[in-house]
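This is what each chain is made of:
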Amino acid sequence: MDVNPEARPVKPTPLFPRGGGGEGALFGVMAIMSFLACLTLALALGAARLAHAWERGLSGEATVQIVESEGVAMEAQVEGALGVLRATPGVAAARRLSAAESAELLRPWLGDVDLAAVPVPVLIAVTLDASVALDSAALRAELARVAPGSSFDDHSRWNEGLTAASATIGWSAYAILTLIALAAAASVIFAVRAALMAHRDVVDVLHRTGARPGFIAGQVQGRFFRLGGEAGLVGLAGAALFVVAIAAFGSTEALPLPALTPTWGDAVWFALVPAAAALIAMLTARLEVARFLARA
Amino acid sequence: MIRFDNVGMRYGGGPEVLRDVSFELPEGSLTFLTGPSGAGKTTLLKLISLAERATRGTVSMFGRDLGATPRAELPALRRRIGVVFQDFRLLDHLTAYENVALPLRILGRPEREWRGDVEEIVNWVGLGERMHARPPTLSGGEKQRIAIARAVVSRPPLLIADEPTGSVDPDMGARLMRLFIELNKLGTSVLIATHDRSLIETADARELRLFAGRINQAAGARWT
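From first to last, the protein sequence lines stand for chains A and Z. Okay, so the first sequence: first residue is 0 according to numbering that gives the first Met the number 0, each after it adds one. Okay, so the second sequence: first residue is 0 according to numbering that gives the first Met the number 0, each after it adds one.
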């Protein structure tokens, strides 16, 4: 059925006409920016999770190494150390590694040698209870008293290095997100300027009819808010498909994938990407219209 | 209502388009602005409609010195002025009804408050049948009538019209002139720039003559 071109429009026509600002191109750019923002956000969240996992994995364990010491028998040192460890709050378990286990640990460095001929230190594997704080200094002092040849290693030096590395990844990701946001805002500025130039006559009539700059900005910003939000959703959907495709078909064995794969808990953060795209587009449009009118 | 004292106006570094223009339009007056093409009529109307600022001299409107009025306060003053542009300036993407309603939408009032007023004025200018047509499908005369309806719909205290009957036949011209006279009787100050002597003769109104950027003293002083 033909629509009567002179029928009353169902809704009031927007005062600022569509088109003229290269909206199609802007939509594509904003969608790509949102896609990149989602992947960068995944990296930032993954880095934080990886740091947490490393920290927990390593700090959940500690090692006591005992070497020969004059005046105290090796077995007495080991028994004394085990006794101290088991009585220390924060230690969940302490287990002496067997000679075979020690040999297995040393094999990469020493090769297949007969360890009975060399004085191999005794290793005690300590499992820490993460819920109870461990007083490392007191434990070291107590161990030194019963086993002078002991040394306690809670892997804190390793931890510091890994935590610093993941913090660097995290900050870099946030810096990239900031750059993406700035680039998106710059694209919106170009599109808003193009739209204002294309519809200069409309802006002029609104202006001369007594519309305040805020009213004119309101007519323009709503469109860009919607465009930014929709492009953000497309970018988010693209990023989700990308992650699913990588998980299904990509070669990711060498990656610490469990930590880098987004979780449902990340969904809240990803949902912020289209919202941020919409807000960036709207606010940039508003500021640009205000600047345009101030020059007019 | 409007007072010009030794007003000069030039665009950029060009020559003065208006020179030493002084006059006063009292509140509730009906005035014709006449003069040959290029005399500066459109520039004078731009100053009065607050689209441009004078480069020298003093322009006062509604009791305010425009030179001392902050930019942020100009939109509120513009709303008190209805303007009929020579080239109509209708928005092609809006219907005739929506074009007429534009000043009311800008005021932020809900449509239910003004729908009746807009329909009435569109009917009055004889375009009730084409209420929801868009300007590209309207004739020149129809566009002009919609432009006039838009200028008067919010009942502004000052109405400025640049050649408002240029595109309509004499009958419609006379009818539109009656609308202006009617509005003037209701208290609106009206300033009409025109070449149309017959239009001027239909009304008992003052005439402000502009020649080469100056108020023609001989004729201009003669408030007929």
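Simulated from the structure, these hints should not be mistaken for laboratory data. Please note that the accuracy of each hint is not assured.
Unchecked claim - Short, incomplete list of chain A residues facing chain Z, as computed with Cβ under 8 Å: (1) P8; (2) P16; (3) S135; (4) F214.
All values derive from a computational prediction rather than experimental measurement. Think of the CB as a built atom: it goes at the ideal place given N, C-alpha and C, for glycine as much as any other residue.
Okay, the hints, checked on the actual structure:
1. P8: 7 Å, holds
2. P16: 4 Å, holds
3. S135: Hint violated; A/S135 Cβ to chain Z Cβ min 66 Å, cut 8 Å.
4. F214: Given a least distance of 6 Å, the restraint on A/F214 holds.
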